[in-house]
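Protein chains in written order, with the numbering used here: chain A, 71 to 378; chain B, 842 to 1345; chain C, 714 to 1066.
Because the hints were derived from the structure by calculation, they are not lab data. Among the clues, some could well be false.
[As the list claims (entries may be wrong)] What follows is a set of in silico ranges between Cβ atoms, one per label pair, in the way DEER data are often shown:
# : chain 1 : residue 1 : chain 2 : residue 2 : range
1 : A       : Ile200    : C       : Val762    : 52 to 62 Å
2 : C       : Phe725    : A       : Leu76     : 28 to 38 Å
3 : A       : Ser217    : C       : Val886    : 46 to 56 Å
Being a predicted model, the structure only gives us computed values, none of them experimental. Glycine included, C-beta positions come from ideal geometry on N, C-alpha and C.
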Amino acid sequence: MLWDALMRPDLWAATLAMATPIALPALGGTFSERSGVVNIAMEGIMLIGAFFGVLFSYYTNSAWLGLLGALLMGALISALFAYVTVTLGADQVVVGMGVNIFAAGLTAFMLNTIFGYGGTPRETPALPNITIPGLSDIPFVGPVLGSQNIVVYLMLALVVASHYFLFHTNLGLRIRAVGENPQAADTAGLNVPGLRYLGVIIGGMFSSLGGVYLALGLLNSFEINMSGGRGYIALAAMIFGKWTPFGSLGAALMFGFAMALSMILQGGGVSSNIIQMLPYALTILALTGLVGRSTAPAADGIPYNPNK
Amino acid sequence: MRTCLEVRNVTKSFPGVIANNQVNLDVREGEIHAILGENGAGKSTLVKLIYGLYKPDSGSIRLYDQELNFSSPRQAIQAGIGMVHQHFMLIPALTVAENIVLGAEPGRIHYRRKENVEMVRQLAKQYHMEIDPNAKVGDLTVGLQQRVEILKVFYRKAKLLILDEPTAMLTPQEVGELILVMERLRSQGIPIIFISHKLDEVKRISDRITVMRAGKTVDTVETKSTTPQELANAMVGREVVLHVSKPPQLPGEPVLEVEDIVVSSDRNEKVKGVSFQIRRGEIFGLAGIDGNGQFELIEAITGLRPCKSGRIRLLGNDISSYSVARRTKAGIAYIPQDRQLDGLVMDFELTENFVLRDFFKPPFARGGQMQKKTIEDYATRLSEAFDVRPRQIHALARNLSGGNQQKVILAREVSRNPELLIAAQPTRGLDVGAIQFIHNKLLELRAAGKAILLVSLELDEIMSLSDRIGVIHAGRLMAILPGGQVTREQIGLLMTGVDLKEEG
Amino acid sequence: MQKTIEGLVTPFVAIVIALLIGAVVMLVTGNNPVTAYGALFSGAFGSTVNMSNTLANAIPLILSGLGVAIGFKAGLFNIGAEGQYWIGSMAAVWIGYSVQGLPPILHISLCIIVGMLAAGLWAGIIPGLAKAFVGAHEVITTMMMSYIAIFLSHYMLENGPMMQAGFTPQSPVILPSATLGKIVERTQLSWGLAIALVACVVVYWLLYKTTLGYRLRAVGLNARAASYAGINVPFHLVLALFISGMLAGLAGAVQMLGVQHRLYDSFSSGYGFTAIVVALLANNNPFGVILASIFFASLSTGGQSMQLVSGVPAHLTDVISGIIIFLVATKDIVQMVQKRWRKRQPLAPVKEA
């Protein structure tokens, strides 16, 4: 029965689709933590991205403007987060939690205020699923890689771009330096706060994009708390992927696989609730069993106080 | 030779302390100029002012007659001032090449890996400081890491080099190599300022010396025409007494016996078969350059680190397998190297810190309940006896000065009436008054028949307090010498691994 | 005394500012903050019934808030209080309907003890051991356990062992011998309030008067020095999470025994995250937790009324909670800066040569 499931291309297509809203915030977290800022606010920023994506899409009648609006709001709240943690030096975990709680409340509040209690409008334009001609005709691979929502392809491109940026550009080198030893970076003349802001804001935009995918890609509506813990799973994916873009993608695919499998197996008599536990249990295993103490950027989580 | 750097009447204060008080300095082209002074004299502050890490409250700093007004090191670097810090500003996870070009990378967006590697190779060759550009800095030895730091400075085309305590962590061979580099640079006309508190080094390397004491510049002299005694007097401001007068004492039975201890850490053996004894009424000083295994050794004795092999005996009992708590109970007291990290809970009140070792026992606790009044009385008594200021037992440890924090630790450890007191760097970072207080307390303990293991990086402290001195190098005890009859030179040689017997 | 008053200023100011910001948000969305807050207040405190319900709502917040607070004191961030609440609820309800023939005092005690133990183990075993021995961050592990707990409760109730025959996913009702009586009839206020207040006293005593509390606080403030002092750090980390989980489980048990009397299939109680804000606002002080819980409980009960009367969605109270966290987190900084400046310490140790 399991083998039958594994042979179904829609399982693998679903894997990729389910992995995307985990990979995007995991990428975002990577940028933030590489610059030295622990960011558990991905869950909240996804919600922000999801809600404002729907909001802007509905009112401008364009899903793309919705996406832009969502990115903007994600950047904005990330900038606020960066201000409180980088400039003011507050506890990054506590403030990150604060963002999550605030975002959950804000999005729910605005949903009710603006759209009432019946959910978001059905006519909200969504982001298109696209089909790549040629690729989509190949048996098995075709349905998996050849026709997905556009955000999925965006995600794959961003993974590659992120890898290049972090490991092959001067700016990427600087961001990594700041996350390893901010004092050394400071004496080398780098703008430590500025680079951390950059890492956090880029990270926020990625997380926001993850939320947009949920609300305008998979569905076309916003529901309260629709991120469903993916922001936290993304944290685990990032750690499991050793704070690298490709690693994050790999880990996200693993989690996506678990989620997709639970959906496919649901019909077959095993309680859906037990199966839905899988990704979360897997996350714990990832943290304790296989990964254990993988090394974060050395200065991750430590606010930088220059001797001035 | 013309003057290139001029510091005039510069003053810099921090809350509670005037770090630099009307300081003057002038450095000429092509000279090696040393700034000599004890810990806390203000040397580091001075160069940090030159480098732009701090801004002076008043006074002026001029480079080639141009007034400097730096608000960050970036500007200092652009002006041609390069600094190698005592604690390296390197990023262990990145490679040598990446560390060197960081902040001034060639190219606009793309990181030019191949070009940078080649460029670093050429640079290293130019200055005769061979190094592998692709090595991860974290994997390098201290001496090589220092090369990276110096190369960093020259990559940015420095015209003036500042070295802060450059020899602190080097082996003698590495020191020799460093001196060659410095002399080569001098012959190229590049002025070098180097900071040290080591008299002999300064005498050996510099052209001129500026002595600092308590935040002021005392004097600037030509190295060739000064004697060490004159320099020492200028540094300390009084006739330097080389030996604290200790009443002679006949030591008693052995309290601590250490046999063939081997301690490993990561992949290396940090302590390679060390044996010695400490007797009642004796201060045993352990001398050595930082990083040669002395701290791992005392962690093994206190039980914080496991021994790979060997035995430890306290008053005849084998404590090798005892836990930290059990060894504490058996009579070992420990003043740790890093008081804020290991010795105190900074956000606990003094009361809570005073009972850190024995909080679970009567009279401080009965049946799991803390006895508040008993603890408060104890805290008050100890604060009086050890002159802890301010005398507020409910103050947080965080709010005390370093000296007073150390007194709290000392009071706590000593008042437990231990058989063996291990003191690691007990006077680090303290002012003269606190240092004298602590030294006197240690001598009191000695007179009372306790055994003391003193580990310090300050050779003067070891020499003036110890009855016997053990010198450790690369994890081995090179020799055990009687305290009163040994010279600095002998100890210095042993510290660098030279076996005295070979010297003939 | 002065310390206590100083300690109260920050949360008070944070609340005031947050309420002001909330007012601005309402104005911007075209609502009248005065009517809204008025409805909020009367909904929370306006009558004996309302007041009782507010206090009733505060009970689970006090208990789970205590749990989060004790975790913080040991340096641990337990955000899985929600899941531990569910585990405690499940266990308590199960004992409540399946064990027969016990006098109330024994039955209630048994329900509570089992609920607490189950939740304590939920937090202590996997997240606790993982943190202690592998360094796995408890934020993620407790959160994951939380989701697992929620799915577990769904499973139990939807065609699972705890489901009562019928169409609605819910458990059987607990026996009368396991029910906690009400303090005020026809409200939700049960004698669980007494349990909550006793718990506060116990936690305070534990933290500040016992050697165990000393050890937990030492580990939370400086694990290295604690280790040097002979304190077994890994053991106490596990213990701290265990106790923290127990308290959140107690919250669930009390809620079941006193208010719901059976387990329903809802998605979240909302207490888990609010408990975090409560603990932060109270600065982890057990008695501050009582005040903070009453405040948030009033937002909750009053919020319904506010939505009905003035049309402002009840979720505004969540926005206010989030703002409070931000303010509390930054107030800490401001306070720290003020204190340092007053004591004339440099902000970071100056490395002198």
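Hints, verified against the model:
no.: 1; hint: A:Ile200 / C:Val762: 52 to 62 Å; in the structure: 58 Å, holds
no.: 2; hint: C:Phe725 / A:Leu76: 28 to 38 Å; in the structure: 59 Å, violated
no.: 3; hint: A:Ser217 / C:Val886: 46 to 56 Å; in the structure: 51 Å, holds
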